[in-house]
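Enquirer: Protein chains in written order, with the UniProt record's numbering: chain A, 1 to 283; chain B, 1 to 283; chain C, 1 to 283; chain D, 1 to 283; chain E, 1 to 283; chain F, 1 to 283.
These are calculated hints, taken from the structure and not from any lab test.
There could be a bad hint or two in this list.
Chain copies aren't distinguished; within one or between two, either way the pair holds.
Dumping the calculated SDA-like pairs for lysine to any residue here, alpha-carbon to alpha-carbon at most 25 Å [unchecked claim]:
#: 1; residue 1: 23; residue 2: 158
#: 2; residue 1: 275; residue 2: 82
#: 3; residue 1: 132; residue 2: 92
#: 4; residue 1: 255; residue 2: 196
#: 5; residue 1: 132; residue 2: 159
#: 6; residue 1: 73; residue 2: 191
#: 7; residue 1: 137; residue 2: 277
#: 8; residue 1: 8; residue 2: 84
#: 9; residue 1: 222; residue 2: 41
#: 10; residue 1: 8; residue 2: 136
#: 11; residue 1: 73; residue 2: 36
#: 12; residue 1: 77; residue 2: 203
#: 13; residue 1: 77; residue 2: 217
#: 14; residue 1: 38; residue 2: 136
#: 15; residue 1: 38; residue 2: 194
#: 16; residue 1: 133; residue 2: 256
#: 17; residue 1: 133; residue 2: 238
Number of protein chains: 6
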Amino acid sequence: MDHNEVAKVLAESLPYIQKYRGKTIVIKYGGSVMKDEKLKGYVINDLVLMKCVGINIVVVHGGGPFISSHLKKLNKKSIFIDGLRYTDNETMDVVQMVLCGKVNKDLVNLIENYGGKSIGLCGIDGNMLEAKKASLKMDLGNVGEIVNVNTEIINNSIENGYIPVISSVARGNNGELYNINADTCTFRIAAALKAQNLIFLTDVPGVMTDVRDPSTLVSELKLQDIAKMYKDNMIKGGMIPKITSCVEAIESGVKSAHIIDGRVPHCLLLELFSKKGIGTMIY
Amino acid sequence: MDHNEVAKVLAESLPYIQKYRGKTIVIKYGGSVMKDEKLKGYVINDLVLMKCVGINIVVVHGGGPFISSHLKKLNKKSIFIDGLRYTDNETMDVVQMVLCGKVNKDLVNLIENYGGKSIGLCGIDGNMLEAKKASLKMDLGNVGEIVNVNTEIINNSIENGYIPVISSVARGNNGELYNINADTCTFRIAAALKAQNLIFLTDVPGVMTDVRDPSTLVSELKLQDIAKMYKDNMIKGGMIPKITSCVEAIESGVKSAHIIDGRVPHCLLLELFSKKGIGTMIY
Amino acid sequence: MDHNEVAKVLAESLPYIQKYRGKTIVIKYGGSVMKDEKLKGYVINDLVLMKCVGINIVVVHGGGPFISSHLKKLNKKSIFIDGLRYTDNETMDVVQMVLCGKVNKDLVNLIENYGGKSIGLCGIDGNMLEAKKASLKMDLGNVGEIVNVNTEIINNSIENGYIPVISSVARGNNGELYNINADTCTFRIAAALKAQNLIFLTDVPGVMTDVRDPSTLVSELKLQDIAKMYKDNMIKGGMIPKITSCVEAIESGVKSAHIIDGRVPHCLLLELFSKKGIGTMIY
Amino acid sequence: MDHNEVAKVLAESLPYIQKYRGKTIVIKYGGSVMKDEKLKGYVINDLVLMKCVGINIVVVHGGGPFISSHLKKLNKKSIFIDGLRYTDNETMDVVQMVLCGKVNKDLVNLIENYGGKSIGLCGIDGNMLEAKKASLKMDLGNVGEIVNVNTEIINNSIENGYIPVISSVARGNNGELYNINADTCTFRIAAALKAQNLIFLTDVPGVMTDVRDPSTLVSELKLQDIAKMYKDNMIKGGMIPKITSCVEAIESGVKSAHIIDGRVPHCLLLELFSKKGIGTMIY
Amino acid sequence: MDHNEVAKVLAESLPYIQKYRGKTIVIKYGGSVMKDEKLKGYVINDLVLMKCVGINIVVVHGGGPFISSHLKKLNKKSIFIDGLRYTDNETMDVVQMVLCGKVNKDLVNLIENYGGKSIGLCGIDGNMLEAKKASLKMDLGNVGEIVNVNTEIINNSIENGYIPVISSVARGNNGELYNINADTCTFRIAAALKAQNLIFLTDVPGVMTDVRDPSTLVSELKLQDIAKMYKDNMIKGGMIPKITSCVEAIESGVKSAHIIDGRVPHCLLLELFSKKGIGTMIY
Amino acid sequence: MDHNEVAKVLAESLPYIQKYRGKTIVIKYGGSVMKDEKLKGYVINDLVLMKCVGINIVVVHGGGPFISSHLKKLNKKSIFIDGLRYTDNETMDVVQMVLCGKVNKDLVNLIENYGGKSIGLCGIDGNMLEAKKASLKMDLGNVGEIVNVNTEIINNSIENGYIPVISSVARGNNGELYNINADTCTFRIAAALKAQNLIFLTDVPGVMTDVRDPSTLVSELKLQDIAKMYKDNMIKGGMIPKITSCVEAIESGVKSAHIIDGRVPHCLLLELFSKKGIGTMIY
C-alpha cells in the first residue's frame with residue numbers, strides 16, 4: 001500500500017476515534033481465541049492502540065482450555081455440567097493459579113511488550129467481585145455468582161493510565177473463593193462501570209441464524225428481536241450465556257454489546273473503526 | 001481498499017502514536033497553502049486527529065496573501081523589502097484585522113467543524129508575545145521582533161483540551177502593536193514551550209539542493225551540515241528564514257524541525273506517522 | 001483632595017467591594033461610547049480595578065460605527081432594517097474582521113496597558129455561541145440568533161485570572177458565521193453564566209420617561225413596572241432591545257440589570273460603588 | 001465630597017492594589033494604639049479592605065496596657081526592666097489570659113464585625129512559636145526568645161481566606177510558656193513567612209531625628225544609614241527594638257519595613273495606597 | 001505484663017480502630033475533671049492516640065471552677081441560677097479570658113506535649129458559634145443560646161491534621177459576646193459536624209437509677225426509655241442538660257452519645273476500645 | 001487481663017505509632033513461615049493494624065515450599081544450586097502460577113478477611129520489576145536479577161489505601177519472565193521506595209553468633225560490625241542473602257532493617273511497638 005493511502009486511512013479514522021474517546025469499553029477475551037500467538041498479538045496491539053487514543057479499555061479474560069490442560073497434567077479430569085466446570089477445592093486452586101497467575105499476568109506482559117501500561121487483577125483484589133455459591137440444580141462446588149462489584153480498584157487503574165486485566169475469580173463473605181463464568185463476569189463489570197460498550201471476542205463470526213452457515217450472520221440485533229429468536233430456537237449452546245449477558249448489559253445501561261470473531265486479525269479495529277463492523281451488534 | 005487493509009494500517013500506526021503522544025508539536029501553517037479549501041480540510045482533519053490521539057498541537061499561522069488582497073480592496077499597495085512587508089499604521093490595522101479577525105477565527109471554525117476544540121489567540125492575548133520595533137537597515141514601520149514569550153495562556157489552552165491557533169501580531173511595552181514574521185514567531189513559541197517538534201507547512205517539497213528539481217530533496221539534514229549548504233549557496237530566498245528558524249529552534253532544545261509540502265494531502269500524517277516522511281527533517 | 005480624604009474614600013468602599021467580590025458581572029460595552037480615548041481609559045481602568053478586587057468581569061462589546069466606517073472605505077453602504085444591519089457575505093467578513101480582529105483585540109490590549117490580564121474571544125472560540133439564522137420578516141443575510149451558549153471557555157478564562165472580552169459573532173451547526181445583536185448576546189451570556197449583574201454602557205443617561213429630558217431619568221425600575229411603561233409608550237427605539245434584554249436576563253436569574261451612561265467618567269464605579277448609582281437599575 | 005471625586009479616588013487606587021495584591025504583609029498592632037475605639041475601627045476597616053483586595057494580611061498584636069491593668073485589679077504591680085516585663089508564673093498566667101483570651105479574640109471579633117473572616121492564634125497553636133528562656137543579664141522569669149517559627153497554621157489560615165491574629169505567647173520544648181516581645185515576634189513571623197512588608201502601628205509619627213519635633217520625621221531610611229543614626233544617638237528608647245526588628249526583617253528578605261502612627265485615621269491606607277506615605281519606610 | 005500479652009492487646013484493638021477510623025467524635029471535657037494533672041495526662045494521651053489512628057477528634061471544654069476561682073481573686077462572687085452562671089459584662093470578660101485564654105490554650109499545649117497537633121478556637125473564630133441572648137425566666141446577662149454553627153473552621157482544622165479545642169464563647173449578630181452552656185455547645189457542634197459519636201467526660205460513673213449507688217449504673221439506654229426515666233424522676237440535677245443534649249444530638253443524627261467517668265484512667269479508650277464500655281451509652 | 005491494663009497497654013503504644021506513622025515499611029513474608037494458619041492470621045492482623053494506624057505497609061512474599069510441592073504433584077523435582085532454584089521454562093510457569101496466582105492472591109484475600117484493602121501484584125504489573133538473566137557461575141535458566149524498580153504502581157496503591165502484596169516475578173526487556181530471589185527483591189523495592197524500615201519474617205530468632213543457641217541472639221547490629229562477623233564466620237547459609245540485603249538496603253538509605261522470628265505470635269508488633277524488640281535490628 002502506498003503512503004498516501006496509509007495517510008488517507010488514518011485520516012478517516014478520526015470520526016471513530018472521536019466517537020469512542022473518553023468512553024469505557026469492556027472486552028471479554030475468551031480462552032478459545034488465545035491459542036494462536038500471532039492473533040493474540042493483533043488483539044493486544046489493538047487494545048493498546050485503543051487505550052492510546054483515549055478509550056478506557058477493561059479486559060476480562062477466560063482461560064478454560066488452559067485450566068483443563070493443567071488439570072490433565074495433574075491427572076485430574078475436567079467435568080462440565082450444563083457448560084459449567086465442576087469445581088471442587090483442588091480444582092478451584094488450579095483455576096486460581098492458572099487464571100490469576102498465568103493467563104492474567106501473561107496478558108499484562110504482552111500489553112507491556114506493545115508499550116502499554118497494564119495491571120493484572122482478579123475479584124479478590126480490592127474485594128472487587130463479591131460472590132456467593134451459585135444456586136444451581138446440582139452442587140458444582142465452588143461455582144459462584146456475583147453479588148456485588150466494587151469498581152474502585154478498576155477506576156483507579158483507568159485513571160492512572162493502566163489497562164486493567166481481570167480474572168473471573170471472586171470472593172465470598174468469609175473469604176471463600178468462587179469460579180465465576182467469565183461472560184457473566186464481563187457484563188456485571190460493564191454494568192457496574194456504566195461502560196458504553198461490551199465486546200465478546202469469540203471463536204464464531206457472531207450470531208448466525210444457522211450456526212453452520214456464516215452467511216446467515218446477523219449484523220445488528222435489536223433487544224426486542226431476541227425474544228423471537230429464542231422462541232424460533234435460533235440461539236443455542238455457548239451462545240446462550242453470551243446473548244443473555246449482552247441483553248442484561250444493555251438493560252443495565254450499556255449502549256451496545258458486540259459478539260465478534262476473535263480469529264479475524266484486528267477484529268476489534270474492524271468492529272469499532274469501520275462503518276459496518278464484522279460481527280453482531282446488539283443494542 | 002478492503003477492511004482488513006484498513007485495520008492493518010490503523011494497527012501499524014501504534015508506534016508512531018506512542019512516539020508523539022503527550023509531546024508538544026508547533027505547526028506553522030503558511031498563508032500560501034491555505035488557498036485550496038480541500039487541502040485545508042486535509043490539514044485540519046490531521047490536526048484534529050493528532051490532538052485526539054494525545055499530541056499537544058499548537059498552530060501558528062501566516063496569511064500574507066489575504067492581507068495583500070484586502071489592502072488591494074482598500075486601494076493600498078503591498079510593499080515588500082527583503083521579504084518583509086512595509087507596515088505603516090493603516091497597514092498594521094489591516095494586518096491585525098485580517099490575521100486576528102479573519103484567518104485566525106476561520107481556522108478555529110474549521111477545527112470545530114471537524115469536531116475539535118479550538119481557541120483563536122494572538123500575541124496581544126495574555127500579553128503572549130512581547131515585542132519591540134525590529135532593528136533593520138530600513139524603517140519598515142510596525143515590523144517588530146519578539147522580546148519575550150509568555151506561555152501561560154497557551155499552556156492553559158492545551159491543558160483544557162483546546163488547539164490554540166495563534167496570529168503573529170505582538171504588543172510592545174506601551175501597547176503599540178507589531179507585525180511579526182510568522183516563521184520566527186513559530187520558532188520562538190516552540191522554544192518557549194519546549195516543544196518536541198516544529199513543522200513548517202510550505203509550498204515547496206522541502207529543502208532541495210536544486211530548487212528547480214524536486215528530485216534533489218534532502219530528507220534529513222543535520223545541524224552541522226547546514227553551514228556548508230549556506231556556503232555552497234544552496235539555501236536561498238524564502239527558505240532562509242525557515243531554515244534559520246529551524247536551526248535556532250533546535251539550538252533552543254526542540255528535538256527536530258520539519259519543512260514539508262503543505263500541498264500534499266495529509267502531509268502531516270505522512271511526515272509523522274510513516275517511516276520515511278515526505279519533506280526535510282532537520283535535527 | 002488631601003490624603004486623609006482619599007483614605008476615607010477608599011475605606012468607605014469596603015461594603016461595596018464585599019457586596020460584589022466573587023460575583024460575576026457581565027458588561028456590554030457599546031461601540032457608541034468607545035470613540036473618546038480618554039473615556040475609554042476610564043472604563044478600562046475601572047474594569048481592571050473591579051477584577052482586581054475579586055469581581056469576575058466579562059466584557060461583551062459592540063462596534064457598529066467601526067464596521068460602518070470600514071465598509072465605507074470599501075465603498076460599501078451600511079443598510080439597517082429595524083435597527084439590524086443587513087449582512088451579506090462580504091459584510092459578514094468585515095463584521096468578523098472589525099469586531100474579532102480590531103475592536104476586540106484593541107480592548108484586550110488596553111486592559112493589559114492597565115496591568116490586567118485579558119483574552120479576546122468570539123462565539124467561534126470553543127464553539128461558545130451556537131446560532132442559527134434569525135427568523136425575521138425580511139431576509140437580512142447572516143443575521144443570527146443564539147441557540148446555545150457554551151460557557152466552558154469563559155469560565156476557564158475567569159478562573160485563570162483573565163478578563164474575557166467577547167465579540168458577538170456566532171457559528172452555526174455547519175460552521176456558517178452569524179452577526180448577532182450585541183445586546184442580546186450580552187444577556188444570553190449573563191444568563192448562561194448565572195451572572196449576578198448585567199450592565200449596559202450606553203450613550204444615554206439611562207431610562208427616561210421623556211428621552212429629551214435627562215431630569216426624567218428613572219433610577220430604579222421593578223420588572224412589574226415595565227409593562228406599564230411600554231403601554232404608556234415610554235420605551236422607544238434603541239432602548240427597546242436593551243430593556244428587553246434586561247427583562248429576559250432577570251427572568252433567567254440575573255439579580256439586577258443596569259443601563260448607565262458610558263460617557264460619564266468612571267461610570268462603572270459610580271454605579272456599583274456608591275449608594276445611589278447614576279443610571280437605571282432594573283430588578 | 002461629590003461622587004465624581006469619590007470615583008476618581010477609587011480609580012486611582014488601582015496601581016497600589018496591583019502592587020500589593022497576592023503579597024504578604026505582617027502588621028504589628030501595638031497595645032498603645034488600641035485604646036481609642038474609633039481609631040481601632042479605622043484600623044480594622046483597613047485590614048479587612050486590604051484582605052478583600054487580595055493582600056495576605058497577618059496581624060501580630062501587643063497588649064501591655066491591658067496586662068498591667070488586669071494585674072492591678074489582682075493587686076499585682078507591673079515591673080519593667082530594660083523595657084521587658086518581669087514575668088513570674090502568676091504574671092505569665094495573666095499575660096496568657098489577657099493576650100490570648102481577651103485582646104486577641106476581641107480583635108478577631110472586630111474583624112468579623114467588619115465582614116472579614118478571622119482566626120485568633122498564639123504561639124501555642126500548632127506549635128507555631130518555639131521558644132526558650134531569654135538569655136538576659138537578669139532573670140526575668142518567663143521572658144522568652146523565639147527559636148523557631150512553624151508557619152503551617154498561618155499559611156493554612158491565609159489560604160482559607162482568614163486574617164490570622166497572633167498573640168506573642170510561645171511554648172518551650174517541654175510545654176513551658178514564654179512571654180515574647182511582640183516587636184521581635186512580628187519580625188520573626190514576617191521573616192518566616194517571607195513577607196513582602198512589615199508594618200509597625202505605633203504611637204509616634206515614625207523615626208524622628210529629634211523625638212520632640214514631628215517635623216524631623218524621616219520618610220525613608222536605607223539600611224546603610226541606620227548604623228550612622230545609632231552612632232549619632234538619634235535612635236532611643238522604645239524605638240530601638242522596633243528599628244532592630246525592621247533591620248533584621250529586611251536582612252531576612254522582607255522588602256520594606258514601615259513604622260507609622262497608629263493614631264492617624266486610616267494610617268494603613270495612607271501608608272500603602274498613596275505616593276508619599278505617612279511614617280518611616282526602611283528598606 | 002509480658003511482651004506477648006502487650007502484643008495481644010494491641011492486636012485485638014484492630015476491630016475497634018476499624019470501627020471509628022475516619023469517623024468524627026466530639027468530646028466534652030468538663031472543667032470538673034480537669035483538676036488532677038495525672039488524669040488530665042491520661043485523657044490527653046488518649047485523645048492524641050485516637051487522632052493518630054485516624055479518628056477525627058473535636059474537643060469542647062468547660063472550665064467553671066477556673067472561672068469561679070479567678071473571679072474570687074478579683075473579689076467577685078460567682079452566682080448561679082438554675083445551674084447557669086449570672087454573667088454581667090465584667091464576668092463575661094473573665095469567662096472569655098479564662099476559657100479562651102487559659103483553659104483552652106493549656107489543653108492545646110498539653111496535646112502538643114503528647115506529640116499531637118492542635119489549635120485552640122472559640123465561637124468567635126471564623127464566626128463559628130452564632131448566638132443570641134438566651135430566653136430565660138430571669139435576665140442572666142450575657143448568657144446566650146446558639147443560633148447557628150459554622151463548621152468551616154473546624155473542618156479545615158480536622159483536614160489539616162489538627163485536634164480543634166473549642167471554648168463555649170459565642171458571638172451575636174452585632175459582635176456582642178455570650179457565655180454558652182458547654183454541654184449544649186457540644187451537642188450543637190456534634191450535630192452540625194454530623195459526628196458519629198458524642199462523649200461527655202463527667203465526674204460521675206454515668207447514668208445511675210440511684211445516684212448514690214454506682215452499682216445502679218445503666219450501661220445502655222435507648223432513646224425511647226428516657227422519657228420513662230424522666231417520669232420516674234430518675235434523672236436529676238446536672239445530669240439533665242447532659243441527657244437532654246444526648247437526646248437532641250441523637251435526634252440530629254449522631255449515632256450514639258456516651259456519658260462516662262472522666263476520673264477513671266484512660267476512660268476514653270475503655271469506653272470505645274472495649275466490648276462493654278464503662279459508662280452509659282445512649283442510642 | 002482486666003480492662004484497665006488493656007487501656008494502659010493501648011495508651012502506651014502512642015509513641016510507637018507516632019514513630020512509624022506516615023513512614024513506609026517493607027516486609028518480606030517468607031514461605032517458610034506461612035504454613036501455620038494461626039500464625040498467618042497473627043501476621044495478617046498485625047499488617048492490617050499497622051496500615052490502619054497510618055503506616056504504609058508493603059508486603060513482598062516468597063513461597064518456595066508451595067512451588068516445590070506443586071512441582072512434585074507434576075512429578076518434577078526441585079533442584080537447588082547455591083540456594084537458588086534451577087528454573088527451566090516449565091518450572092518458571094509453575095513459579096509464576098503458584099506465586100502470582102495462589103500465594104499472592106491468598107494473602108490479599110486474608111488481608112481483606114481482616115478488614116484491610118489489598119491488591120496483589122507482581123513485577124510484571126506496571127512493568128514494576130525490570131530484570132535480566134542473572135550472571136551466575138552456572139546457567140540456572142530463568143533466574144534473574146533486578147535491573148530497575150518502577151514504583152508508580154506501588155505508590156498508587158499506597159495512596160489509595162491498599163496494602164500492595166508483591167510476588168518476586170520480574171520481566172525482561174523482551175517480556176521474558178524471571179524468577180527473582182525474594183530477599184533481594186524486598187531490599188530493591190525498599191530502596192526504590194525510600195522506605196524507612198525493612199523487616200524479614202523468617203523461621204529463626206534473628207542473627208545468632210551460634211545458630212544452634214538462641215541465647216546468642218544479637219539484638220542490635222551496626223553496619224560496621226557485620227564485616228567482622230563475616231570474617232569470624234558467624235554468618236552462614238540462608239542468613240547470608242538476608243544480611244547482604246539488609247546491608248545494601250541501609251546503604252541505599254533505609255534507616256533500619258530487622259530480621260525477626262515469624263513463628264512468634266504478633267512478632268511484628270513485638271518488634272516495632274515495644275522497646276526492646278524480639279529479633280536483630282541492623283542499622
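Enquirer: Look at each hint and say if it fits the structure.
Expert: Verification of the supplied hints:
no.	hint	result
1	23 / 158	both (11 Å within a copy, 21 Å between copies)
2	275 / 82	neither (37 Å within a copy, 49 Å between copies)
3	132 / 92	within (14 Å within a copy, 33 Å between copies)
4	255 / 196	within (5 Å within a copy, 39 Å between copies)
5	132 / 159	neither (30 Å within a copy, 30 Å between copies)
6	73 / 191	neither (37 Å within a copy, 40 Å between copies)
7	137 / 277	neither (39 Å within a copy, 48 Å between copies)
8	8 / 84	neither (47 Å within a copy, 37 Å between copies)
9	222 / 41	neither (32 Å within a copy, 37 Å between copies)
10	8 / 136	neither (54 Å within a copy, 43 Å between copies)
11	73 / 36	within (21 Å within a copy, 28 Å between copies)
12	77 / 203	within (24 Å within a copy, 38 Å between copies)
13	77 / 217	neither (35 Å within a copy, 51 Å between copies)
14	38 / 136	neither (38 Å within a copy, 34 Å between copies)
15	38 / 194	neither (32 Å within a copy, 40 Å between copies)
16	133 / 256	neither (30 Å within a copy, 36 Å between copies)
17	133 / 238	within (22 Å within a copy, 43 Å between copies)
When the structure is compared with the earlier hints, violations turn up for hints 2, 5, 6, 7, 8, 9, 10, 13, 14, 15, 16 and for no others.
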